[in-house]
Amino acid sequence: MAAPRLAVFKFASCDGCQLSLLDCEDELLKIAEKVEIAYFLEAGPRDATGVYDIGLVEGSITTPHDAERIREVRAQCKYLVTIGACATAGGIQALRNWGDAEEFARQVYARPEYLKTLATSTPISDHVKVDFELRGCPVNKHQLVELISSLLWGRTPHVPRFSVCVECKRRQVVCVAVARGVACLGPVTQAGCEVICPSFARECFGCFGPKEQPNLISLGMRYRDDGHDAEHLTRLVRSYNGYAPEFRDFDPQSLKDS
Amino acid sequence: MIGSVPGANLWLPKPALQGLIDRLRELGYEVVGPRVADGAVTLGEITSLAELPAGVQDEQEPGRYRLKVIESGGYFDHVVGPHSLKPFLFPPRTTVLQVLRVRDSWEAHSPEPPRPKRAVIGVRSCDLHALAIQDRVFLGSTHRDPEYAARREGLFLVAVNCGRSAATCFCVSMDTGPAVTGGADLILTELPDGFVVRVGTEAGGSTLAGLGCQECSPTVLAEAELVPKRAAAQQTRRINPATVHDTLMNNLQHPRWDDVAKRCLSCANCTMVCPTCFCSTVNEVTDLTGEQTTRERVWESCFNEEHSWTGSGAVHPTTKSRYRQWLTHKLATWIDQFGSSGCVGCGRCITWCPVGIDLTEEVAAMEGERK
Chain R
1 MAAPRLAVFK FASCDGCQLS LLDCEDELLK IAEKVEIAYF LEAGPRDATG VYDIGLVEGS
61 ITTPHDAERI REVRAQCKYL VTIGACATAG GIQALRNWGD AEEFARQVYA RPEYLKTLAT
121 STPISDHVKV DFELRGCPVN KHQLVELISS LLWGRTPHVP RFSVCVECKR RQVVCVAVAR
181 GVACLGPVTQ AGCEVICPSF ARECFGCFGP KEQPNLISLG MRYRDDGHDA EHLTRLVRSY
241 NGYAPEFRDF DPQSLKDS
Chain Z
259 MIGSVPGANL WLPKPALQGL IDRLRELGYE VVGPRVADGA VTLGEITSLA ELPAGVQDEQ
319 EPGRYRLKVI ESGGYFDHVV GPHSLKPFLF PPRTTVLQVL RVRDSWEAHS PEPPRPKRAV
379 IGVRSCDLHA LAIQDRVFLG STHRDPEYAA RREGLFLVAV NCGRSAATCF CVSMDTGPAV
439 TGGADLILTE LPDGFVVRVG TEAGGSTLAG LGCQECSPTV LAEAELVPKR AAAQQTRRIN
499 PATVHDTLMN NLQHPRWDDV AKRCLSCANC TMVCPTCFCS TVNEVTDLTG EQTTRERVWE
559 SCFNEEHSWT GSGAVHPTTK SRYRQWLTHK LATWIDQFGS SGCVGCGRCI TWCPVGIDLT
619 EEVAAMEGER K
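So the protein lines, in turn, are chains R and Z. Position one of the first sequence corresponds to residue 1 (the numbering used here), numbered consecutively onward. Position one of the second sequence corresponds to residue 259 (the numbering used here), numbered consecutively onward.
What the hints contain is simulated information worked out from the structure, not anything from laboratory work. It is possible that some hints are incorrect.
[Unchecked claim] Selected chain R positions facing chain Z (in silico; Cβ < 8 Å):
1) Val159
2) Arg161
3) Phe162
[Stated by the list, open to error] Label-pair ranges, simulated between beta-carbon atoms:
4) Z/Gln550 <-> R/Ala43: 21 to 31 Å
5) Z/His401 <-> R/Gly44: 47 to 57 Å
6) Z/Gln550 <-> R/Pro245: 36 to 46 Å
7) R/Glu194 <-> Z/Leu479: 46 to 56 Å
8) R/Glu231 <-> Z/Ala312: 35 to 45 Å
9) R/Thr234 <-> Z/Gln550: 40 to 50 Å
10) Z/Ala623 <-> R/Thr234: 25 to 35 Å
11) Z/His401 <-> R/Ser150: 29 to 39 Å
Glycine is no exception: its CB is placed at the ideal position from the N, C-alpha and C atoms.
Build out the structure end to end from the sequences listed, making use of the hints.
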């Protein structure tokens, strides 16, 4: 049986998630033995013909051209996986969804009429069917290897949907929200990052997006009562995954008095 | 020669505690004790008295934990922090099986569990009761957990009687403290100039030889008796163990479950810090080559959807059903299952809940409006 063909596509993004794949180092060699890396511009291969068994998509849709191109990519891939916060939730560039993209362009570019950009940055799943979404900014390389491994052996990828807190406690990391009073998004954010920020006494800023059934209202009221104002909470939640449905629906201004 | 048989009380001058640490290290123990790290009193390896949190007191409230330093305070003025004995016996992540592909077949083997010799200094009465509960869970049935058993065997316990309670403590009502009643090799009571050491086991007594222990005067013994009594008098929270089983089980449809579900984050912190919560899951971790798979056991929580996942979905699909499952098991059905409550009143679930949900308040709400 021929090795499955893998393709990596880039849309509006910083390339960090593709770098996570290159960062797999030892595992990357094993991946290259098991799959044919057919299209991966960041690494070299550019065989744009035919179909791919696995398509990894990085980045969000921000231009009319990309909105067309993602349909072609979908048609070329049997199994399409988004990798990272941009492809899965629109990314940090989805901040434009609360602003005026035309005005931003006028401020930045001398000749904004040369730009062809959409008013919004949207996740891949708003445009085509997505088979699996890998979270993170960037994705975690162990989860990436687990995903590819599961596809190779025909089983469900093991990617937990529970909170960052579970990983903090498994690693015996002291809770920064309880012990330091900082507004940490860990209790509403999906695990997978290996708790990098809380390990360094920093609050989680949600780069793996909402956990299963997140309760932002209760956590938001707690932080508000601890003196974190609505503006701070809005900025906290509207970052890399701000446009993920559960985060974007959370409005700290509308929190009732407890 | 001072007798150091079980039950004996001896006087250990403060600096002589270093001698005990050194003695335990000479005997091959890794010595674990309380020390300040990341804004909390946590458990970790210590080699010197200077690492103990002298004068450090913890202020605990629902969802809040802060440290302050008191002039000329003792080594054990703090209460329980975010860590407990649990991870030392039931590690958060461990390998239970490795399977290798050999030609056309598979070869499986379970790794030999580590047998660490570990001495923990400063264990409190609530955590000793939690340990006794864990012993029943992991060792008390026909299915003994080999890793827990191996780690338990090498555990040496130096307990301390609490001299103060945190606002979140309720061991008095659970009859699990604050005075240590057994289950440790040595039991310390801290006084300004030294410790009253009660010998718990022969192994404990034998570590004291040559450390400069003296006889205890009746005055000192009387003073030591007052220490845990002071802690007990400070407690304000309580659960009534005689009625809590029926209160919860007769109120499974109580509107309070909806109310707590609005506040609960289902983040699992309460179960992770609980010294008796024992849930785990096993994951098969296959490698890319398809030549080997590792079966890992990791801490799991009834607040995660996956915990109750079956072929047709989650048995506990909502936060309400998960909170109810946790609280009724902890305080009621645990008694049916194991013959004791699953709660020791340490208060960790109250302090380390990011939104400060207090199980004693939840029980009281149902108690008050009992049908």
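Structure-based check of all given hints:
The beta carbon of R/Val159 is not positioned within 8 Å of any beta carbon in chain Z (closest approach about 11 Å), and the interface hint is therefore violated. Taking 8 Å as the C-beta contact cut-off toward chain Z, the hint placing R/Arg161 at the interface holds, the least distance being around 7 Å. Among the interface hints, the one on R/Phe162 holds; its C-beta lies about 4 Å from the nearest C-beta in chain Z, closer than the 8 Å criterion. Restraint check, Z/Gln550 to R/Ala43: a C-beta distance of roughly 27 Å satisfies the suggested window 21 to 31 Å.
About 53 Å separates the C-beta atoms of Z/His401 and R/Gly44, a value consistent with the hinted range of 47 to 57 Å. Taking the beta carbon of each, Z/Gln550 and R/Pro245 are about 39 Å apart, inside 36 to 46 Å as hinted. Between R/Glu194 and Z/Leu479 the CB atoms are about 51 Å apart, so this pair conforms to the stated range of 46 to 56 Å. Distance hint for R/Glu231 and Z/Ala312: a CB-CB separation of about 41 Å, consistent with the stated range 35 to 45 Å.
For the pair R/Thr234 and Z/Gln550, the supplied restraint of 40 to 50 Å holds, since their beta-carbon distance comes to about 48 Å. The beta-carbon spacing between Z/Ala623 and R/Thr234, approximately 33 Å, falls within the hinted interval of 25 to 35 Å. For Z/His401 and R/Ser150, the Cβ-Cβ distance of about 30 Å falls inside the hinted range of 29 to 39 Å, so the restraint holds.
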